[in-house]
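Starting from the known structure of chain A, arrange chain B with the ligand on it as the hints suggest.
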Amino acid sequence: MTLRDKTAEDSPRSWVRAALYDARIRGWVFQAVVLVVLLLLTLWILHNTAANLRAANIPFGFDFLHMRAGFDISQKPIDYTLDSSHAQAFKIGLLNTIILSVLGIVFATIIGFIVGISRLSNNWLLAKAATVYVETLRNIPLLLQLLFWYKAVLSVLPGPRQGYMLPLATNLSNRGLTMPRPIFGQGFDFVMWALLVAAAIAWGLARWARTRQAATGQPFPVFWASAGLVVGLPLLVFLALGAPLTFEIPVLKGFNFVGGMVIHPELIAMVLGLSLYTATFIAETVRAGILAVSVGQSEAAFSLGLQPGQTMRLIVVPQAMRVIIPPLTSQYLNLTKNSSLALAIGYPDLVAVFAGSTLNITGHAIEVIAITMAVYLALSLITAAVMNWFNARVALVER
Amino acid sequence: MGSNTLSKLLFGAAFLGAGAVAASAGTLDDVKAKGFVQCGVNGAGLAGFGAPDDAGNWKGLDVDACRAVAAAVFGDPTKVKFTGLSAKERFTALQSKEIDMLARNSTNTMSRDTQLGITFTGVNYFDGQGFMVKKSLGVSSAKDLDGASVCVQSGTTTELNLADYFKSNGMTFNAVVFEKQEEADAAYDAGRCDAYTTDASGLYSIRLKMTNPDDSIVLPEIISKEPLGPAVRQGDDQWESIVRWTHYAMLIAEEFGVTQANVDEMKTSENPEVQRLLGVGEGVDFGSPIGLTKDWAYNIIKGVGNYGESFERNVGEGSSLKIARGLNALWSKGGLQYAPPIR
Ligand SMILES: N[C@@H](CCC(=O)N[C@@H](CS)C(=O)NCC(=O)O)C(=O)O
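Residue numbers (this note's numbering), protein chains in the order written: chain A, 1 to 399; chain B, 1 to 343.
Hints are supplied without guarantee of correctness; some may be wrong.
[Said to hold, decoys possible] In silico lysine-lysine, DSS-like type, Cα no more than 30 Å apart, as pairs:
#: 1; chain 1: A; residue 1: Lys128; chain 2: A; residue 2: Lys76
#: 2; chain 1: B; residue 1: Lys81; chain 2: B; residue 2: Lys209
#: 3; chain 1: B; residue 1: Lys134; chain 2: A; residue 2: Lys253
#: 4; chain 1: B; residue 1: Lys322; chain 2: B; residue 2: Lys134
#: 5; chain 1: B; residue 1: Lys209; chain 2: B; residue 2: Lys143
#: 6; chain 1: B; residue 1: Lys225; chain 2: B; residue 2: Lys134
#: 7; chain 1: A; residue 1: Lys76; chain 2: B; residue 2: Lys134
#: 8; chain 1: A; residue 1: Lys91; chain 2: B; residue 2: Lys167
#: 9; chain 1: B; residue 1: Lys79; chain 2: B; residue 2: Lys333
#: 10; chain 1: B; residue 1: Lys209; chain 2: A; residue 2: Lys151
#: 11; chain 1: B; residue 1: Lys302; chain 2: A; residue 2: Lys76
#: 12; chain 1: B; residue 1: Lys225; chain 2: B; residue 2: Lys97
#: 13; chain 1: A; residue 1: Lys253; chain 2: B; residue 2: Lys143
#: 14; chain 1: B; residue 1: Lys167; chain 2: A; residue 2: Lys76
#: 15; chain 1: B; residue 1: Lys135; chain 2: B; residue 2: Lys225
#: 16; chain 1: B; residue 1: Lys294; chain 2: B; residue 2: Lys97
#: 17; chain 1: B; residue 1: Lys32; chain 2: B; residue 2: Lys79
#: 18; chain 1: B; residue 1: Lys34; chain 2: B; residue 2: Lys302
#: 19; chain 1: B; residue 1: Lys333; chain 2: B; residue 2: Lys322
#: 20; chain 1: B; residue 1: Lys267; chain 2: B; residue 2: Lys225
#: 21; chain 1: B; residue 1: Lys294; chain 2: B; residue 2: Lys32
#: 22; chain 1: B; residue 1: Lys32; chain 2: B; residue 2: Lys81
#: 23; chain 1: B; residue 1: Lys32; chain 2: B; residue 2: Lys97
#: 24; chain 1: A; residue 1: Lys151; chain 2: B; residue 2: Lys225
#: 25; chain 1: B; residue 1: Lys225; chain 2: B; residue 2: Lys322
#: 26; chain 1: B; residue 1: Lys34; chain 2: B; residue 2: Lys81
#: 27; chain 1: B; residue 1: Lys134; chain 2: A; residue 2: Lys151
#: 28; chain 1: B; residue 1: Lys167; chain 2: A; residue 2: Lys253
#: 29; chain 1: B; residue 1: Lys79; chain 2: B; residue 2: Lys267
#: 30; chain 1: B; residue 1: Lys294; chain 2: B; residue 2: Lys81
#: 31; chain 1: B; residue 1: Lys135; chain 2: A; residue 2: Lys253
#: 32; chain 1: B; residue 1: Lys135; chain 2: B; residue 2: Lys322
#: 33; chain 1: B; residue 1: Lys322; chain 2: B; residue 2: Lys81
[To be verified] Pairwise CB distance ranges (calculated):
#: 34; chain 1: B; residue 1: Gly138; chain 2: A; residue 2: Trp224; range: 55 to 61 Å
#: 35; chain 1: A; residue 1: Leu144; chain 2: B; residue 2: Ala55; range: 25 to 31 Å
#: 36; chain 1: A; residue 1: Ala206; chain 2: B; residue 2: Lys209; range: 58 to 64 Å
#: 37; chain 1: B; residue 1: Lys167; chain 2: A; residue 2: Trp208; range: 56 to 62 Å
#: 38; chain 1: A; residue 1: Val29; chain 2: B; residue 2: Gln115; range: 45 to 51 Å
#: 39; chain 1: A; residue 1: Leu241; chain 2: B; residue 2: Thr211; range: 50 to 56 Å
Note that these hints are calculated values from the structure, not bench results.
Glycine is no exception: its CB is placed at the ideal position from the N, C-alpha and C atoms.
The shape of chain A in the complex, shown without the other chains (with noise of 0.2 Å):
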């Protein structure tokens, strides 16, 4: 080292100098750049947008959400009179969307693994049939799908008064299925103790088996004992206790069906559209997944001995899940976001309740359009944490 180069290093510039060519230290510094200047230009935006309203006489907060909404919905989850405030009308809302979300994630899934595996059944017809499925259904816009369910739900049922007698005091008609509401008597939150008891030793039995099976090679009936189980134990409890549940039957009063709950035709026509339409996509998803699983693992099952159903399950899928399961979340997020659609039919999700009513009632669009944008956004993180989590068990399954 020569006398120079001594002196450059000591001096406070150089010092600078060898921070800027250091490319981690240059990474933190631009980003805390790009930091600073957005957090900037979203303080710009809020105030030019404070200062723009107040100039319009529009006034802005959040206070109306403690307003009394005044309007009536026709779904509600939880307890909602006239009198209610904004908020439970928000809430009814929320719920209602990750009503509608849930369950058309759940039908659009099996429906999507179903029609995903017959396509690439040896039995023509089924192949067939599931490649016209997909290829109708996923070419039509689905808010045309949605108004075409909704107008076929509505004109296969019959009236009120004409409906379906079901069993179990259960009618269908075009206000819905109609069927007797549980009123849960006291000390039925045992039965439901009792089912998380049996639901924990389901679970461990499984592992034990599994840890047994690894082990020893014995295989042990896992599902029907863990079935057994679940169903069993609360059941015992729940007799045990003197059957502590009644029911609220519906009767046919005047122009509608008083008493018992409803599943209102907007939220059939809703599911159905929903989980069609998003059940091509995970179809094809599946397909493409179990394809880019060799052909040669199937070979080494058959080789081993196995059926080719166990060979689907135990072999095929589980490698197939790594490749399905990233478009599968998108899938998922696709669904829940297509779920707002259900203003057009008057299912009272989300955007139709609180972007809807509240927001024409109190007229604060932009508070309302900003919480709601918000809630979308957090019920797609919490979708993508909860398949990310999932997929990193899957992915750890790989040798």
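Here is chain B with the ligand on its own, set in the frame of chain A:
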């Protein structure tokens, strides 16, 4: 469509958030610079109020309100462009300056008039809310609707009046709420609801759109006050005056028998009120103080006619709706339409 509405609202919100919008004065200057009035009207097409006819020309009482303003500003009732708006979009469109004025069967209510940054300039149609039901239900009064499912459009006063009415009469109901009128109409038509509710004026035209109009009847009860009228943004007094006095000019013209056909002859009238209306005579100029020419009202009447003519043509005897003047008759004929004098 739903997402489309959301994006429109978003756009409106973004607009309010973007660059500093100058205080809302100067609408007249903007309009003159553009060369036309941008007017928000009924998007679904409400016959008699705002709807395109077979040739695609906008027609209706509300449309005339827009044309009259164009006539007052430009002396030409065709210098106007229309934006079709749903119940949900209308006020945001006005707030975000997408339109210069709103004339879309909108009810003046206290919260709208005071909390949305908009001002209603008058009432061009006194309306009230009613119910339509299927005849087969055997219902003859709204009081018999306990337990009914009711189809209704969201974002309207209708939605709230419905709730109030059932609550105050101790009745239960189930509201099936749609974003668009067409969807509510179709659901009612398909039997999803026992009753349909909206402004009485709309009920008649909606009933005619049903597959079998004769299967439905309109119940006699009117459950609310719905003073429908044009609205403008708050804070631009000049523009507000122009829109308000355009309506008054049409009323005064009717009161004094000035019509589209005789307005030129009327220029020679000896009646001082008529002279002031038409801007005839030495130093008679009520137009320039509001940024218009002295023949502003003459142009309105020449362009669209007086209020009575517009009413008859669009919703009265000259139309398929055949609505009687009722509350909308002039004050001198037992109605509520009353204009302050020009002087
Ligand atoms: N006057 C009421 C209701 C106005 C209204 O939206 N009426 C309906 C039914 S007559 C309508 O015009 N719908 C047409 C649309 O939304 O495009 C209000 O101002 O809230």
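| Straight-line Cα separation of Lys225(B) and Lys134(B) no greater than 30 Å? | Given that 30 Å is the threshold and the Cα spacing comes to 24 Å, the pair holds.
| query | Could one say that the CB atoms of Leu144(A) and Ala55(B) fall in the range 25 to 31 Å? | reply | Taking Cβ atoms as reference, Leu144(A) and Ala55(B) lie about 29 Å apart, which means the hint holds.
| query | Can the restraint linking Lys225(B) and Lys322(B) be considered satisfied, given a maximum Cα separation of 30 Å? | reply | The given pair, whose Cα atoms are some 21 Å apart, holds under the 30 Å limit.
| said: Lys135(B) and Lys322(B) were given as a pair; does the straight-line alpha-carbon distance stay at or below 30 Å? | reply: Within the cut-off at roughly 22 Å; holds.
| request: Verify the proposed pairing of Lys76(A) with Lys134(B), using a straight-line Cα cut of 30 Å. | output: holds, 26 Å
| Lys209(B) and Lys143(B): Cα distance at most 30 Å? | holds, 25 Å
| field | Satisfaction of hint between Lys76(A) and Lys128(A), Cα-Cα up to 30 Å | value | Not satisfied, since the Cα-Cα distance of roughly 42 Å exceeds 30 Å.
| said: So if I understand the rule, the pair passes when the alpha-carbon distance is 30 Å or less; does Lys79(B) with Lys267(B) pass? | reply: holds, 24 Å
| query | Lys135(B) and Lys253(A): Cα distance at most 30 Å? | reply | holds, 18 Å
| query | Taking 30 Å as the top limit, are the C-alpha atoms of Lys167(B) and Lys253(A) close enough? | reply | holds, 19 Å
| field | Pair hint Lys322(B) and Lys134(B), alpha-carbon separation not exceeding 30 Å | value | holds, 22 Å
| Given the hinted pair Lys322(B) and Lys81(B), is their alpha-carbon gap at most 30 Å? | holds, 27 Å
The earlier numbered hints that this structure contradicts are 1, 9, 11, 20 and 24.
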